[in-house]
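Protein chains in written order, with our numbering: chain G, 1 to 818; chain Y, 1 to 447.
There's no promise every hint is true.
[Claimed, not checked] Sample of chain G residues lacking proximity to chain Y, with all beta carbon distances greater than 12 angstroms (derived): (1) Gln325; (2) Glu621; (3) Ser645.
[As the list claims (entries may be wrong)] Pairwise CB distance ranges (calculated): (4) G/Lys541 - Y/Gln357: 43 to 53 angstroms; (5) G/Ala530 - Y/Ala302: 20 to 30 angstroms; (6) Y/Gln357 - G/Ala123: 56 to 66 angstroms; (7) G/Asn749 - Y/His212: 49 to 59 angstroms; (8) Y/Gly193 - G/Asn749: 44 to 54 angstroms; (9) G/Gln231 - Y/Ser447: 34 to 44 angstroms; (10) Y/Ser447 - G/Gln122: 24 to 34 angstroms; (11) G/Gln245 - Y/Glu285: 51 to 61 angstroms.
[Claimed, not checked] Taking lysine-lysine and the DSS-like style, the derived pairs with C-alpha atoms no more than 25 angstroms apart in a straight line are: (12) Y/Lys388 - G/Lys151; (13) G/Lys151 - Y/Lys84; (14) Y/Lys215 - G/Lys795; (15) G/Lys108 - G/Lys35; (16) Y/Lys89 - Y/Lys263; (17) G/Lys152 - G/Lys175; (18) Y/Lys192 - Y/Lys263; (19) G/Lys109 - G/Lys241; (20) G/Lys152 - Y/Lys393; (21) G/Lys175 - G/Lys151; (22) G/Lys165 - G/Lys536; (23) Y/Lys84 - Y/Lys101; (24) G/Lys165 - G/Lys190; (25) G/Lys800 - Y/Lys224; (26) G/Lys109 - G/Lys84; (27) G/Lys422 - G/Lys404; (28) G/Lys542 - G/Lys165; (29) Y/Lys215 - G/Lys800; (30) G/Lys536 - G/Lys547; (31) G/Lys152 - Y/Lys388; (32) G/Lys517 - G/Lys452; (33) Y/Lys101 - Y/Lys72; (34) G/Lys165 - G/Lys152; (35) G/Lys175 - Y/Lys72; (36) G/Lys794 - Y/Lys215.
FYI, nobody ran anything at the bench for these hints, they're computed from the structure.
Think of the CB as a built atom: it goes at the ideal place given N, C-alpha and C, for glycine as much as any other residue.
Given next are the chains, with one letter for each unit.
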Amino acid sequence: MRRDFNLVNTALVSLVIALALAPCGWLPAAAPQRKQIEVFPQKVHLSGARTRQGLRVTAILSDGTTQDVTGDAHYRSADPNIAKVEPPGVIRPVANGETRITAEYQGKKLEVAVKVTAVENQAFNFRNDVLPVISRLGCNQMGCHGSPKGKKRLHLSLFSADPHKDFLEITDAKKKLVDPKKAPESWLLKKAICDVDHGGGDLTEEGSDEYNVLLAWIAAGAPEGSEQDPQLERIEVYPAKRSIQPGERYRLLVEAYYTDGSMRDVTDLASFKSNEEAVAKVEADGMVEGTGYGEAVFMVGYGGMLTTSRVRSSQPAKVAFPKVQPYNKVDELVFAQLRSLNIIPSELCSDEEFLRRVYLDVIGVLPTAEEARDFLADTNPNKRNELIDSLLSRPEYADFYAVKWGDILQINRDIPARLQDKGMWAYYRWLWNALDQNMPMDQFVHELLTAKGSGYRNGPANFFRVGEGAQGMAETASTVFLGVRLDCAHCHNHPFEQFTLVDNLGMAAFFAKVRIKRSAEQDEEIIYLADSGTVKNPETKKPAVPKFLGGRELKPQEQQGDLRAVLADWITSPDNPYFARHMANRVWAWLLGRGIIHEPDDFRSTNPASNPELLDYLAQEFVQSGYDLKGLYRLILSSRTYQLSAIPNEWNRHDRIYYSHYYLKRLTAEQLATAISQVTGISEKYAGLPLGTRATQLPDVSYRSEFLDLFGRPKRATPVESERTCDTHIGQSLQMISSEYIARKLRDNKGRAAALAASDMPTEAIVEELYLTTLSRFPTEAERQVILGSPIDKKQRREKVEDLMWVLMNTKEFLFNH
Amino acid sequence: MLRIDMESGNGRRIGRRDFVQIGALSTFGVTMADLLRSRALAAPGTKEARAKACIVLWMSGGPSHMDTFDLKPNAPSTHRGTFKPIPTKVPGMQICEHLPKLAQQADKFSILRTLTHPSPSHDIASHIMLTGNVPARGTVSPSYGSVVFREWGYQGALPPYIAVPNGHRYAQAGFMGGTYKPFAIGADPNAKGFQVRSLRMPAGMTVDRLQHRRKWLEQLDQLKRRIDHEELEVLDGFYQRSYEMIVSPESSKAFDLASEDDKVRQRYGRNTFGQSCLLARRLVEAGVAFVHVERGGWDTHARNFETLQNARLPELDQGFSALLEDLDHRGLLDTTVVLWMGEFGRTPTIDYAPRWQGGRHHYSKVFSSVIAGGGLAGGHVVGESSEKGEEVKDRPVLPWDVGATLFTLLGIPYDKTYVERDRNIRLLPYGTSVVSGGMLTELADLS
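Bound-form chain Y, shown alone (with noise of 0.2 angstroms):
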């Protein structure tokens, strides 16, 4: 049956307990797990992952597709706006006036015009297209990254999934429980002296020292072996895994910015969405396999074109340009996938009214997102929305058509189901009798 049911699910939320069990039988907390179960399934590297990383450009707020990739410079005025497209590298694919450089970037990536789903809410609509599900009353799903967590586990000191600076809401692990959160590194990769909270030592602390107070905590650590429970289990898990970090040289260096020549740095702009996705190089670079960048911002009821113009627009032209640029030229592109999203698109309609001054609304019935690398084409458009952009003309995609194509080709099947508490729940709706405009087989053979 054709139906997009909101209200699906039970009321119940679900604890952590199935996920943390195996963690429970080895001294190594969840490593051992993650050990096995990486082993059992198919790991980054193996034939049936083509992409090892995703890197999930995150426009808080809801960016206009009007204004950014989806122009429609022969609408009324009522809705165009007041940017022009321009041409880009790609013949017949233009974008926006203020993404100058993105436009010498278009063979890199590719336009997703026609994604479309049931909400305007900005939390139902993130829950969306950050986990590819509806939610279901009383579940949260996990994020696309908690998945790759899950079914990797780690693969060196460095966490499977982390965001910068910060996480999002619904860029979290739901169901799946604290170890699979991503871990935010909670301070500005563009601010003087950036350092990642707490991840070195502090003053007068050596290595030893710390060893002799985690054999002390692990000797005096009374409660969990009078209480048998999951978030002690998982925080356990947390504790083990921050040891390593702490102590490890690839950690330190990986966020160590410094490093970078400054030309680098330049180049993807000074600012603090440019050098999050610098940071996101760097991280993926390290063996990272899911980083979120999360920028807001996007939310422009009011003035949307002052704000656009001035601010979003020519940092994301630069950030996102340099990091297409950069790993290309590193020869990552082909295995890390970068998918540029918001929660929605903005209504056509501009509203003019004195409160908003030119703004726009929430629009999810279409609007556009960016996908490139992992193996997909570069320089195309998949789908085409109305004259006024208002609807999809030709070829919906919706939030789990990405996602299942993105899970395909991180070798994950997106069909899977983990039992959670005698219930199965299937990781992505997309293949049952939900809407469906398919995968984005007109970028890669995905079968």
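Pulled out of the complex, with its shape left as it was, chain G reads as follows (with noise of 0.2 angstroms):
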């Protein structure tokens, strides 16, 4: 996807850097003038009779906003012997030459180079010229041709993935599709308009664009073409960046390179789609419109290739940005996109919102009254940073994040992992001791990928009895350490994605070696090597090579030995496209509560970053600290975008993917219990583990608990993490406001409830105490007049002291993260 962006029109690409930096004060209130004019491709080379090249002329405002005007230019060809121009702007080859054509708007003139070449070559390419048709008419989609068993008597690769089987299948005598000597009573052709009965109905109509393609290529012998005929090599698509307002049309144009140089005007033959329908939509001929502020991606396909548009439309700025000091480069790269939106951030949240939240949202429990009280005290000008340090070199924050880790590793003794308990305990113990020593990712990477023997002895030697056969423990590898999901190319290529079936196998191969066997102890299984195996591609019959997932076959010769070491340098190396973008943009969605892109284990052109700039940014830094994940912790925990209020602002309520402000979680299951046991002082007992180990601490999620099922505990059936849910629903009411569970803890004599009523300290104090333990912060003097506004006499007390930590605990400032 990145590299798409290097082909942009730097013209076009300074405009937009030059808006995003561009101070949002009020509009100017002069209507816009027009400053100058480009146009797109400014180089044409046609190469055949048939092809045509449309261009695109687009005018730019004073203002910096652009226009498209290819239908109001004039356009002229200064050798019509070589090329014709007709409106709008469609270029046609007349003979082999060169000359030059001018695009002229409102007095300014801009030229385009034309080459045309190889204009008495009719041939057609079946790969290049009738495939795009076929694919562009549908017919070999999943649910038509491209189903796996194909239909009726038609069996088409899936979205043109395998062009010369295509041709075989369509040219096939048996099938009588084709018919050269009465091309027009092809029944490929009648069926593509529903001439004879066709179960998918009339894609095209006789005379189309489409219908004539097919009919001369019919007509010519429906050849296949041949060896040296150009391949396409690229796709590019205009404008690949440029900033739109609601209601603002324009059609995109799509350009295919090919290996002999020339090129070709796809428009007409490739797929469009809109990430974000509410910013922008595109219309399956190119034509964009506006629909919304916000930022969006067009997701462009041709040829089994792709490639991204982006556009942004901003809201109209109704004050100007304000003045906000950023605290690291992180917050210069988050406020840069909100200033070129004109969305305002939140304001810095107040010492007792940060306290809270840097304690749930690093170590998973709540700061005691007397941790509270210290912080809110100190008057240290660097007490956040101090206090970020500290939290990351307590042992909770292990805890909390073994149970993320052990989420996406899928750490459990019983079904579906089925490690048992000596295999779960090892593998916990030694991700606990990971997290603990800040152990550098690449080489956690290296001993999860590399692990043998025992899974009862070697902890991470599990993580290959958690997914079933080479496919399993490739995609489960793909989606935790590069946040790609693998699984849907498991079965079949998709068609707006770049990972196939190939991908998938190709990782997979990487596993192949990997076996397991029983020993003579109940349960164990060793994990060893084979000298050789290999992974069977369906398809074809043929073992898979090794691949790296996006990147190079391995050669012959470095199939040697432990192809798992290969695969964890490969993903571990800073040139890794996935892996460090994928782990800070994972760190950033459990600080932050959205990924920059979304969900974290999501990786793909068509789920585009939200910022890629920021992303790039935090993957840079992670590598250079040599993986340091508390580093990464610690950057994106003292960055002022993590310390913003979660309480929107009139410009940035409606902002879900920006980081205007702090975004609500509902604390995680684990979250909760372990809060509401701190508050009451009274722990859950989990079967086989000592009294007061906090749910927080449990090594898996097979110990019984109906209130973490309730709050979204998964059962880690899958290594993605929105296994986990944090929404709300009424079971969860009715637990907090009735349940046994939260009633016998705020009754219990041992607890704090009983022991706050029973002490000598005045109500006033108490009430202090409790607010300082379930909210981390003092009362308000509204919230005392409520709670004291009528005398509590002494009998009364401990009801009073139960209702209230009640009350407490079911306030939305308890139960979310803010």
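Fit chain to chain and form the complex, with the hints in mind.
What follows is the structure in structure tokens.
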């Protein structure tokens, strides 16, 4: 995806950057003037007689906005004997040679260099000329002839994955789809226009461009083309970046480039998709329309290749962007984006809010009343950073993040992972120590991916007991370390995804030698490497070659020994396109409540980052730090962005992706259970573990707890993080209001409510203590009034303390991290 | 165009804001919004709605069609399995020999033998069957019950959509948001001293004291006043509803299985599935619109025949037949749709490899479902599968055909669209260019 951006017309990129940096106060009152125009493409090379090329002319206005004026510009060819041009800027070849086309708009002129070659060549190439038309008509989709068994008698490869096979299928004499002698009578055409009964309905009509291409190809004898024919090399979309306003329309242009240097306008044959239709939508012909404010990315596909085009639509600036002091580079990147969208960030959060937030996010537990008092009273200006450091060095950090990592590594003794008691504990202890000691993440990956031996004795060896088969191991490794879900490519290719079955199997091939054997001990499993082993491609029946995800294949001489180490090296190399970005994004998502790429384990070309520059920066810092995980936490936690208030303002209340304020997070199941025990002073007993073990310290999810299940504890059936849910439902409110779970902790004679009520503290001091314990802050004057408004006599005190504790635990301020 | 587009939709998760805004205007939270809605739209009991309730018996894992409702005694031994068909009360209709009690109720239900959809994966298939929609990337569709919840709203203190004993990942509200999720009771109705989680006040608590706490909470709950957030609104709605449920006698009565005659409890079967069916009947009686009964254990890759014969089929036979008989006896069957289904069927070929020992794997090309009540005719077989149970031979039934039938019986237009952040989302693909076998007009006049 990033590669595509390098192809962007530089003039426009600099424009967008200029926009981003421009001061965004009130808009200029004067009507914007047209300053200049630009034209795309600036050089045209047409090869063959049937090609044609569209132009796009864009006017750039004095306020930096742009306007598509392709239809209003005038065009002239310097030599119509070489190439003709007709409105709206469509160039057609006439004879071999070179010439220039001039585009003129309101007195501004630009020239396009045109080269025409091989105009005598009328020959067809199936892959370049015919298959795109068939794709465009939708014939090779999942529900049609692209389904695994085809449809009726025609079986095409899904989304034209295998052009040669498709050619053989369509021209198979037995199927009688093409008849060069009576081309118009060919079934391929009759089916497409539904002249004969076609389950897929009429896809086009006689005389359409698609129809004419198919007709001409059949009439020419339905050739496949020659080996020497140029091949598609890359595609480019114009504009790659642009600003847009709601209601504004323009048409994208998709250019295909071939190995012989020629190019072709394939806009009519490409497919388009918007990731955010609430910002801008794109129609099947590439026509874009702005629909709202924010940013959107269009996915553009042609011939199995993908590229993207981004748009930004800024809401009107009502107030000047405030002067906010960035704490570090993170803030500079976040605020630059907010500024360009005219979204005003929230205020800095209060010390009370920061305290509670950072405890919950870093160690998963609430500060005690004493810790809260100390922090709030501390006048050291650097106290927030000092608190961050001290929390990161506490053992509860390892507790809390072992739960998160345990989810994605699927650590569990029972179904589905079935690691058994000993395997689970070995895996958990290894993980806990790695987190506690801040093991560099490259080492972490190596230890996991190259582990061998007994799952009972060597913790990381259990990694291979979780995923089923080489494909399962590869899918887990891809999701956990690269943030790429390969499970969809388990069976077939996808039209808008770059990863195919070959990628899935290529990754699986690294694990092909991994074997599991039993030992004498009950259910013990030993991981070892066989001397050889392959993964068979179910389509070609050939063994898959080990291939880095989105990268190269291993050469035969590289396929010796433990390929898992080769994979681990590749994953943790500084050039890996995924690992560092994914880790940075994952930690960002854990702390900020939403990934820059969301979900954090769903990296794919159709799921762009909301702030790519920010993600790149975090990844780069992470690599340079030597994969220091706690360093990454520190960088994010010490940013002003992390420390923004959760209270939105008028201009950012709809923002859910640009981090203009801290997004609310319902406490996770384990956080909430732990907090309730902390507040009430009564621990929950988990079978087989010492009393006092907190929910955030549970080594797996097999410990029976209705409460934890109710609040979204996952079963760890998949490595996907969204298996853990933090939504709300009525079962939860019932639980909080009237469950025995809460009630018995409140009324327990050994609990905090009993102790406070029986103490000689004045009631006012008890109220203060309860507020600090539950909400990490002192009560406000208004709150004191509500609670102490009517006198509480000694006999009632216990009941009132219990009631107040219940009330505070049921406030949203308690249930959410904010 | 005839096409099941697995890739449609965009990559955006849908928020809840638009669904809860009305709630924010009212001190009653969701109540008022629901009232307004249920008056504006077809409410149960109006002439459009023939059925007032629906019970889904969800067989999680995918029950084998070849061993339940579509036996193929003449298929080769690689396919037919060990079970024999038996005649039922309806001439010509045969089902598995291990479902004898159901055979006696055959006049009350109809078998759909040609369900078909494109996915043999649990997740996607469950989504398709429970929502009537092929999942689009990034969007989860609301299950049938959530749609009914949203259209009808609360009819009393009990939530309109209840899952017994637990919910399913795709028997959820999807893009409609948490408000319309089912209330999962989270307790085994067959357990001794069965009680629904937190529905009664805990020991020592009185209504007065609870009211006092509630009042205090409303005064002291600061965050919502400062942060206008849909999730907080939704949670407020849940709190309102929870108080009502806790203090209402009707809700504790509906869940009081102990008040049932022991003979009735025995008739349903003293197991989780049987008592879940009984509870479903009590809930429908109490005015609950939609009950999801969850029963897993049908994913019989290994030892298919032993599992079915010893565990799944006996409890199914007893619970399902009792439910039909009891609903009918109480005059509720005519207004209650009962839908028995899983996410798919199982492979017609039997896998005798040592690992599976006579197992059947996932199969969605053709499989069976059973539908009863709500004005639909019983005693019919819709569709026919091929001789080996491998393909649709005649009259395909797509999941959205069932969905459209269900919604039509419930008086909800299947082509309704919901606007979610400027996007129109259609309730069902039925009636568009999608593949369809048509609604179940064999069983009722659905015009």
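Which constraints among the numbered hints does this structure fail? Numbers only, ascending.
Hints 3, 4, 7, 8, 9, 10, 13, 35 are the ones this structure does not satisfy, whereas the remaining hints hold.
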